[in-house]
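From just these sequences and the hints, can you work out the full model?
As a plain string of letters, each chain reads:
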Amino acid sequence: MNVNQSAPPVPPFGQPQPVYPGYHQSGYGGQPGSTAPPTSYGAYNGPVPGYQQTPPPGVSRAPPSSEAPPASTAQAPCGQAAYGQFGQGDVQNGPSSTVQMQRFPGSQPFGSVPLAPVVSQPAVLQPFGPPPTSAQVTAQLAGMQISGAVAPALPPVGLGYGPPTSLASASGSFPNSALPPGSQMTGPPGPPPPMHSSQQPGYQLQQNGSFGPARGPQPNYGSPYPGASTFGSQPGPPQPLPPKRLDPDAIPSPQLNELPPQQKTRHRIDPDAIPSPIQVIEDDRNNRGSEPFVTGVRGQVPPLVTTNFLVKDQGNASPRYIRCTSYNIPCTSDMAKQAQVPLAAVIKPLARLPPEEASPYVVDHGESGPLRCNRCKAYMCPFMQFIEGGRRFQCCFCSCINDVPPQYFQHLDHTGKRVDAYDRPELSLGSYEFLATVDYCKNNKFPSPPAFIFMIDVSYNAIRSGLVRLLCEELKSLLDFLPREGGAEESAIRVGFVTYNKVLHFYNVKSSLAQPQMMVVSDVADMFVPLLDGFLVNVSESRAVITSLLDQIPEMFADTRETETVFAPVIQAGMEALKAAECAGKLFLFHTSLPIAEAPGKLKNRDDRKLINTDKEKTLFQPQTGAYQTLAKECVAQGCCVDLFLFPNQYVDVATLSVVPQLTGGSVYKYACFQVENDQERFLSDLRRDVQKVVGFDAVMRVRTSTGIRAVDFFGAFYMSNTTDVELAGLDGDKTVTVEFKHDDRLNEESGALLQCALLYTSCAGQRRLRIHNLALNCCTQLADLYRNCETDTLINYMAKFAYRGVLNSPVKTVRDTLITQCAQILACYRKNCASPSSAGQLILPECMKLLPVYLNCVLKSDVLQPGAEVTTDDRAYVRQLVTSMDVAETNVFFYPRLLPLTKSPIESATEPPAVRASEERLSNGDIYLLENGLNLFLWVGASVQQGVVQSLFSVSSFSQITSGLSVLPVLDNPLSKKVRGLIDSLRAQRSRYMKLIVVKQEDKLEMLFKHFLVEDKSLSGGASYVDFLCHMHKEIRQLLS
Amino acid sequence: MATYLEFIQQNEERDGVRFSWNVWPSSRLEATRMVVPLACLLTPLKERPDLPPVQYEPVLCSRPTCKAILNPLCQVDYRAKLWACNFCFQRNQFPPAYTGISEVNQPAELMPQFSTIEYVIQRGAPSPLIFLYVVDTCLEEDDLQALKESLQMSLSLLPPDALVGLITFGRMVQVHELSCEGISKSYVFRGTKDLTAKQIQDMLGLTKPAMPMQQARPGQPQEHPFVSSRFLQPIHKIDMNLTDLLGELQRDPWPVTQGKRPLRSTGVALSIAVGLLEGTFPNTGARIMLFTGGPPTQGPGMVVGDELKVPIRSWHDIEKDNARFMKKATKHYEMLANRTATNGHCIDIYACALDQTGLLEMKCCANLTGGHMVMGDSFNTSLFKQTFQRIFTKDFNGDFRMAFGATLEVKTSRELKVAGAIGPCVSLNVKGPCVSENELGVGGTSQWKICGMDPTSTLGIYFEVVNQHNAPIPQGGRGAIQFVTQYQHSSTQRRIRVTTIARNWADAQSQLRHIEAAFDQEAAAVLMARLGVFRAESEEGPDVLRWLDRQLIRLCQKFGQYNKEDPTSFRLSDSFSLYPQFMFHLRRSPFLQVFNNSPDESSYYRHHFARQDLTQSLIMIQPILYSYSFHGPPEPVLLDSSSILADRILLMDTFFQIVIYLGETIAQWRKAGYQDMPEYENFKHLLQAPLDDAQEILQARFPMPRYINTEHGGSQARFLLSKVNPSQTHNNLYAWGQVRNCQVSRGGGQALFEKLVSKWISLALETEFTQVFCWGWGWGGNFEYCSWGGRGHWCGSPAVHSII
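Quick mapping for you: the protein sequence lines, in order, are chains A and B.
Position 952 of the first sequence, counting from 1, maps to 952 under our numbering, and the rest follow consecutively.
Just remember that our numbering sits 10000 ahead of the position in the second sequence, which is counted from 1.
Just so you know, not all the hints are guaranteed correct.
Stated by the list, open to error - Selected chain A positions facing chain B (in silico; Cβ < 8 Å): (1) Met518; (2) Met519; (3) Val520; (4) Pro554; (5) Ser721; (6) Asn722.
Stated by the list, open to error - Derived BS3-like pairs (lysine-lysine); straight-line CA-CA distance at most 25 Å: (7) B:Lys10385 with B:Lys10148; (8) A:Lys579 with A:Lys602; (9) A:Lys476 with A:Lys510; (10) A:Lys442 with A:Lys377; (11) B:Lys10309 with B:Lys10320; (12) A:Lys442 with A:Lys579; (13) B:Lys10198 with B:Lys10260; (14) A:Lys610 with A:Lys445; (15) A:Lys579 with A:Lys693; (16) B:Lys10385 with B:Lys10193; (17) A:Lys602 with B:Lys10198; (18) B:Lys10328 with B:Lys10309; (19) A:Lys510 with B:Lys10148; (20) A:Lys602 with B:Lys10385; (21) A:Lys579 with B:Lys10193; (22) A:Lys579 with B:Lys10260; (23) A:Lys445 with B:Lys10260; (24) A:Lys618 with A:Lys602.
Unchecked claim - Just a sample of chain B residues kept apart from chain A, beta carbon distances all over 10 Å, derived: (25) Gln10010; (26) Pro10126; (27) Ser10186; (28) Ser10569; (29) Ile10619; (30) Pro10678.
The set of hints was computed from the structure by calculation and includes no laboratory data.
Built from N, CA and C at the ideal position, the CB exists for glycine as well.
Written out as structure tokens, the structure is:
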């Protein structure tokens, strides 16, 4: 679908919320919304007045909105107006709601987008006042910079498009035009479109982008279509947008002229009219969250990662394990090159499943081991074809014909299927496990249970900050929760302890000892393990000694004055210890400072901000010395995974220190300026999680594909010694590997493309297993099919990882340009080959990719690619390596943070409040918002929040008394406090790392920090705002097309 | 004669000195013709209960190159308060404190009976004794247990203010920190890596690089003890702690797979011990006590690989140049020994194992530093336990019989120069006017360092007469020698013992009888033996034997009397009569014969030979054999197979072994149980007598000898049989039977050898064919005993040892 609307209707978005309720109420009727709103309303009002700001704070989502469209078109304009109002003052909100109603209709026609936003708002706003609406609206509109002019006609505001007018017509027209082309609307058209297929009544709607409801909010989508082309200013349509930048062509549009001058300067494009992530997410939730996703059909696009859904494994791996950038692959490499859409799969082999879904069955084939293709070694899977009455099978990957071993023989039924297919997981499921035989083990010996080694920095910094004491205290209880397998009563994992500063201290904690024994190794240049027996012990057997040790460690070093530390020797020591014990395992390193002591892996402070934006910037991301790579290689060979907890007070060279964790499949946690009081909870919670999580050790992953494509590139935390095997010393349920595929031959439309990801690993109990994930994809000869089955989130995951790796070797600017170019090419290709002809000035985006620009912009603005002044080199390196192993859901929220208004929805509602778009415009100073991106969590308090709210949340009487930077909310017994804290908890529970809360007051110093995450806005470091970027993108596309 | 014997004995008792010649030939030429060099055995710290040390400092000759110490031989002008140095003739003022002296008021050092005198130096803070235990943990469980007990016991024997330290080693080396409470803490080192002293000190945190500025002011003097205190603690402070620590010592935990030796890092452990002391207590008396239960198998100083199928080197391998690690290991330990000696510390080696433990390579550690070397089969034997205990015995004053960091300086009058010393010492490389260009033993210096000594430690010191033949010494002239030994007494005092001796010069041409009569053949034998053993360390065995033979022939030539063409007429005077016999046994002794000894054993024997006093040395050269019978009191008998009689009990003392051997009949009687019958009580007494005597020897000796109680036909009888002259088993070209009935007694034993020697000497003299002589002695080659394989390592080619 083309979302050309990009620009204008900012307001609608903002308002969306209000609309929402409205929507329900009015449009749909039934919704309870009405009741709820009032309350919020009140609250809302309070603040609002103060707020005054021009642009309405963007509100998040209005999922329903999409559906709203059905309503009348005419009103749409109002909606916008409302928006404006909203922005201006409290009042507006009220009105807006009513407006919304109107809008909906309008919106639909255009693009689902604008509508969507509208929708979302309602809940809160409605209450106010539907009644006052129209009048106010207009008035307000007038007042509004942006919308003022527009008021009359919605369009101007938003995308500039004039959608409203067109809307009506548009809607009509759309159906026709849009659908057929199919191209425009990715979602809808596709008959196969598993995803969106669900709701929209009419195809037409869908196509418009309204369909979009599902995905989203493309506002103008519909409208532009017919008339206006552009993204920015569709001249065609009634209200051409002012934005010159967007599209030069459009400039002449009359409306522009009409707009008040300020408007011109300020927004030429209505942010509400451009595709809204919030809307897309909401729509998908609504459309696809309700029923389970059944994996039986080849090439189905799964629901978005932000949608809660259940998966039924019927032969393909769950999207929790594998997500692809596209579920329909071009048959030829030429097509692929033309489209420039990266073909990649984001694989999370050990992903955790929700409790409702069963973890993969374990298949035991006894001594013979799993059945595999003789030629390509692919494992038996549901796609294998049994022939000759079941005596042979043809490999679905390489077509080799293999004999079925007698013990595996089974008759076929009339369809050629084995009669026992449903009794055997490997013949009926997408994911399952085999018990590995001894042939799959190192040295042909079954592995011994893995070990955890805790290696604690006891230098001055660590002692002084209280870290050591805290950690030792925590470990005492944490050791009871080591991961165990299945119903095992106690964990098979053994533990060992090392402390270090400039030298290493090993501890003998053998159960027979009365006191632990410390063994100091000062020969850091040539590290070795001083003891064997008694170093790695079973927790329950040696509990007394361990407890005694953990009690004494803080005491022993309490007076230390040693400030220097070593690093590489510590890892080396852990690795040697595992080697000596002949097992795999994990090292937990707690480290505070740059390792400057004389030893291998010694580092110097090379932080140099002057390098930023030069060709040498890449050196900041590269490790200082090759020693760590060598070390990592040895670790991987030993199955030694390294998790690093950093507590730096200054530069520690994360880029170098994280090399080993990165290559061994470990994690890095960083707690800058660690202080027990402030960071204790975050650290402990991360630590608990990290220690308790289930890990596979000494793993090798291999991705096999059917002939025609090949896995060529891998991203993630692992090591590769050849081009095919991904070696992971450790792999947990959070770690993701992104794999890129390239054609090396033609694919066949009929047989599709198959992926099989096989992971050989040692479980926590020391069992050697193979986990197999299979996924079948469609192949297409029409580009349109490709564009219709893409997943933008996955795409962004891939592109971010690609870019983040790129900064190691190329100047950051080059990397950014590459990203932009690729994105432009993708979109241009669509425009050229799939979209129906339209004005060059019109920005047309594929439905599935309509968020690509906004997300890409977020990637481009991220700290790694465009650092702000306050971002340290370490932060960048840290983020860079974090992203490398993120899964799709994590990258999604990381790049486009979730912004949740807390006071707009009724307190009683159990669900999360609908999010709003990450833009300052969407913030209302009378509200409180939560923002999270998976790493950070902010509570933003508007300056004019009602006292009652302040009181019930912070237990202080006024806004000014709220402590800025507060990290804990007081525990208060009132519904609001409970709800907010509950929400915070549930957000934290969703993320793999504990997010420390920071309370930010409006207009406070800390707000800068917060604003950094409002990714739709211009960033301080020079990152473009969404609107600007969209315009830029449009320009790029047009250049490509011309 | 009697006078000379008395004279010698007196001198020995007073000064601890025995000279080979007690009247000195007056020219270089004549001296060389005497064959046996002018030399002495000096026991610097000989116990003198009758000699209380004086509490002041010695008076030195003011000439910088001399600095001899005022002694009874000096000419003193009491009026002018001047004294003339008897070495350089410098006239010196007495110091102010001596203003009161006169003929009747002499200071002790001027009295003739104080030719040996000991001064106590009051200067300087006393430094505590230091004992650093270096303990091998690759032991069998019971061995380790026994060792732990011995060590714990030793703690109670140490003076309470002594500093102790503990290093244990196996595959790794652990330096235990003794000061900490709670968690026991140790520093661990890889056993395969050679570290420099600096590295070791860095790693132990002994160097304090950073903040000397701040800390210097308050605690400069304290800093030293503070730094080292973590590893070396006063015993009274950490007694309990260390006892527990020792109690908790575990066997080296690293698995040893079948067919492998445990990995033992002796080389690194020693290196660390040396480095630790070097960094913390240089030039302070300290003992590093190494307890090892097997050969070093890894790292620097490794002696054998860990593959059990490759046996540890034997003499055979060494001769074939087949000992892979020997040179490198030896070099490593030599380097360590030299460093230790430089620092004034000493290294003891207590090696208890059934197989060799690498003493050959490590010997220099003990040899150069004056440490002890003890070899046993197991730490769980009384041999080790008692020997170890004996180290801590005390003298009549209640002080340990040990002294540390001694320097021995030798000053000679002009006609003499010092050629060298042989004993547990290293050269200090001090050149001076009295240093000879010719070296015998460790030469080229007039000062030696002896890091560890006890009252019996004895050095052989060799001199050269440099007076020219054409510059006769006036009648009645005396040559003088002064021995100055500075040392740290076990009471931590610094002391100086000065011995000044003088002997008459005699013109060898006119007064040969004189010189001959003043020959001390026992001292001479030991001194020659030391030279021989010293040579044997670096030369091929046969060469040494040949050299000894040649010396003997030359001596006999010079002092023997015989008629030409008549071998039976050969006679030696009484003062020489025993000498050939000593040489005979010396040739067969384990000090020169390596056959049937492992390299370790040879090193062990030689170690002790080079430091024991004259009496013990003689026993080593020629074991003593006593015979017990009903016929009378026990009597010494000839060390000959003819002494083995059915109705006798023999007691043999070889220094290293005490063997009690019951004759065939006696053994049968005992088996029959006669000793338990009241009517045969005398038999019981007879059986008991040698046991009591043996016990007496065992009590006194260090190291404790191996005690063997055997009987006719017993397998252990080999120890006796290997020592006796196998006259009855060989029918040689000379009918030995005829001498069988010779009067045998220790004194008269010479008769046999005289006969023997005379025959051969004359033969040699007549034929000028030394080889024949050698052949004659060669029968003694021990090849008939080779199958016993004492420690399981005998070298398979007897031919080598039968010389020629």
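Taking the hints in turn, this is what the structure says about them:
no.: 1; hint: Met518; result: holds, 4 Å
no.: 2; hint: Met519; result: holds, 5 Å
no.: 3; hint: Val520; result: holds, 4 Å
no.: 4; hint: Pro554; result: violated, 12 Å
no.: 5; hint: Ser721; result: violated, 28 Å
no.: 6; hint: Asn722; result: violated, 33 Å
no.: 7; hint: B:Lys10385 with B:Lys10148; result: holds, 11 Å
no.: 8; hint: A:Lys579 with A:Lys602; result: holds, 23 Å
no.: 9; hint: A:Lys476 with A:Lys510; result: holds, 16 Å
no.: 10; hint: A:Lys442 with A:Lys377; result: holds, 19 Å
no.: 11; hint: B:Lys10309 with B:Lys10320; result: holds, 19 Å
no.: 12; hint: A:Lys442 with A:Lys579; result: holds, 12 Å
no.: 13; hint: B:Lys10198 with B:Lys10260; result: violated, 33 Å
no.: 14; hint: A:Lys610 with A:Lys445; result: violated, 53 Å
no.: 15; hint: A:Lys579 with A:Lys693; result: holds, 23 Å
no.: 16; hint: B:Lys10385 with B:Lys10193; result: violated, 32 Å
no.: 17; hint: A:Lys602 with B:Lys10198; result: holds, 20 Å
no.: 18; hint: B:Lys10328 with B:Lys10309; result: holds, 21 Å
no.: 19; hint: A:Lys510 with B:Lys10148; result: holds, 21 Å
no.: 20; hint: A:Lys602 with B:Lys10385; result: violated, 50 Å
no.: 21; hint: A:Lys579 with B:Lys10193; result: holds, 20 Å
no.: 22; hint: A:Lys579 with B:Lys10260; result: holds, 20 Å
no.: 23; hint: A:Lys445 with B:Lys10260; result: holds, 23 Å
no.: 24; hint: A:Lys618 with A:Lys602; result: holds, 21 Å
no.: 25; hint: Gln10010; result: holds, 58 Å
no.: 26; hint: Pro10126; result: holds, 32 Å
no.: 27; hint: Ser10186; result: violated, 5 Å
no.: 28; hint: Ser10569; result: holds, 74 Å
no.: 29; hint: Ile10619; result: holds, 47 Å
no.: 30; hint: Pro10678; result: holds, 56 Å
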